[in-house]
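Note that the protein sequences, when read in sequence, are chains A and B.
According to the numbering used here, the stretch in the first sequence is residues 1 to 199, in order.
According to the numbering used here, the stretch in the second sequence is residues 1 to 199, in order.
You may find that some hints are simply not true.
A pair holds if it fits inside one copy or across any two, identical chains being indistinguishable in the list.
30 Å max Cα-Cα, derived DSSO-like pairs, lysine-lysine [stated by the list, open to error]:
hint, residue 1, residue 2
1, LYS8, LYS27
2, LYS116, LYS14
3, LYS14, LYS108
4, LYS27, LYS62
These are computed hints drawn from the structure, not numbers from a lab.
There are 2 protein chains.
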Amino acid sequence: MDVIEAVKRRRATKAFDPNHRISAEAKRVLLETSALAPSAYNIQHWRVVDVQDSAVREDIRKVAWGQAQVTDASLLLVLCADLDAWQENPPRYWATAPQPVQDFLLPKLDEYYRGKPQVARDEAMRSLGLFGMALMLVAQDLGYDSCPMDGFDFDAVARIIGLPEHYAIGYMIAIGRGTGNSWERNRIPVADWIVDNHF
Amino acid sequence: MDVIEAVKRRRATKAFDPNHRISAEAKRVLLETSALAPSAYNIQHWRVVDVQDSAVREDIRKVAWGQAQVTDASLLLVLCADLDAWQENPPRYWATAPQPVQDFLLPKLDEYYRGKPQVARDEAMRSLGLFGMALMLVAQDLGYDSCPMDGFDFDAVARIIGLPEHYAIGYMIAIGRGTGNSWERNRIPVADWIVDNHF
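Chain A extracted, bound-state conformation (with noise of 0.2 Å):
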């Protein structure tokens, strides 16, 4: 499916298809795809839990406001950021670049990140955003269905899935076959939040 036509017919699927199992294949495709979005300094921020267990499923969505995509959809993925991923050993995220460009580049994401938790927050929820966005797309281009959530209680789930110290909770993405409609699309006109040159 066409990146504009995948786009526009994106919607947040609030009905999925219980009894739809998605294959071990599209998944794979669907994972390794996504994580070809970048992130700031190739960090990769994102660390996903892939909730199959229908327990854990049911937890949630007591604490995500009885919200049925939380059980029913194929896929419930939890998407988190570690904000200590830029001091992990960060050769890794450059080991293909030239010398020259892992000579420059490594100081300075050092020098960009240390000492400034603000910033390494605001670039992990960045990465979620990029991340899960492409997850979005190449979830309609396998013909699936997806939803975005943040309408739950991160504090509760964090405990759920035994979310680490130094990981932050971005949001959920349901995906799955979706087997209702939305109501019409609705979005300020460009006009309103684009700015020629300055503000």
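Fit chain B to the given chain A structure using the hints.
Leaving out everything else, chain B in the frame of chain A:
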């Protein structure tokens, strides 16, 4: 171009043809389509500066490690987030939703963000990630290359573009006709970032 193909072909392009001009129609499609990306509560936090003035581009390049993409790309977009968008006439975000949905979500939105600036900021940064990924993939579909950039002095760029007090810069995206190749791609194996059910 298929989504999967577009995701695979997208690379952070460092060299652009400085003589190429993007058509107004291609730009319209690019911006309108990308804004179909989802955002939490449909808040659409993105506020985008389209830097066309070559003097402004030069000023930004000086505080962006001298990177050539800043001046050479056909489009240089500074992706900013309005951190207060959640409280700026929120009923407009749900104008097309059924009344019961509006009645449920509008108080939820207020409760979700009021007095929680970090929550609002996290959301805004994720929205910029979602929007930017759509932008880069739609660009690919239209035959363009792109480069997401955050190697610059954020405060200096904020001054150059006259960033309003309650906005934050996320990153910049350069779009144009790429003229160079990148090094081999490099990603952490999927097994290193996905876990089943819990950490």
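_When Cα atoms must be at most 30 Å apart, do LYS116 and LYS14 count as within-copy, between-copy, both, or neither?_
between (38 Å within a copy, 27 Å between copies)
*Status of LYS27 relative to LYS8 across identical chains (alpha carbons, at most 30 Å)*: Cα proximity of LYS8 and LYS27: in one copy and across copies (22 Å, 17 Å).
*Identical-chain pair category, LYS14 with LYS108, by Cα at 30 Å*: Classified as between: cross-chain Cα gap 17 Å, same-chain 43 Å, threshold 30 Å.
*Please work out whether the CA atoms of LYS27 and LYS62 approach to 30 Å or closer within one copy, between two copies, in both situations, or in neither?*
Classified as within: same-chain Cα gap 26 Å, cross-chain 44 Å, threshold 30 Å.
Violated hints: none; the structure is consistent with every hint.
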